[in-house]
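Generate coordinates for the entire structure from the input sequences, incorporating the hints supplied.
Taking this note's numbering, the leading residue of the sequence shown gets 2, the next gets one more, and so forth.
There could be a bad hint or two in this list.
The calculated DSS-like cross-link candidates involving lysine-lysine, where the alpha carbons are at most 30 Å apart (straight line), are [claimed, not checked]:
id, residue 1, residue 2
1, 140, 81
2, 152, 81
3, 119, 81
4, 131, 81
5, 152, 138
6, 131, 119
7, 81, 162
8, 162, 152
9, 152, 119
10, 152, 131
The hints are simulated quantities; they were obtained by calculation from the structure and are not laboratory data.
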Amino acid sequence: MQKSVLCLLLAASLLSGCATDPYTGESKVSKTAWGAGIGTAVGAGVGALVGGEKGALIGAGIGAVGGAATGGYMDLQARKLRQELVGTGVQVAELENGQIQLLMPSNITFDFDSAVFKTGFNRTLDSVAKVLTEYDKTKVIVSGYTDNIGKAAYNNELSLKRARAVADYLILRDVSPARISVYGYGSQYPIASNATEAGRAQNRRVTITLQQM
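See the structure below:
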């Protein structure tokens, strides 16, 4: 019975948060609803352990409130990032796990085989830093990627240098270094085919993933 109650509460939380994304036209679950759903599940589970079905209902209510606050914070941050980054070429994606990811393609970040910013990229990062300092309750994960041209060890190092360059610039713009993690993945995790120049260009990228603390 407790399992049925938990499933119903979780489904209700998620369904209540479905809306149409004004940027893509797709139906999606807002981060507020996602957070509320996770909070509901965790709260109900703890409540069930303490006080059976009644405890599950009470715990679900408490968890939903806390989870909704977390999700709402991420929703607002994603909206602000979209506003600040219009026309920059940065893609702002809201992931199903409640995280936000900024995808920065090679045509705005770094030249081929270089870890030096392209002209104007610093201004894009200024806009990112502005939002990150306002919404300072998120972890900032900076990841670099390359295509598969060249040796793996070289590409791993190059991707790490690019990610570090981005992270260092954000720190200069008052984003706390304690929030930032840096990774270089080289040619791992391609998002397009490396068989064409267009595909390789897509794979040369930097991402910034934001995760609620």
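List of violated hint numbers, smallest to largest: Result: hints 2, 5 and 10 break, sorted rising.
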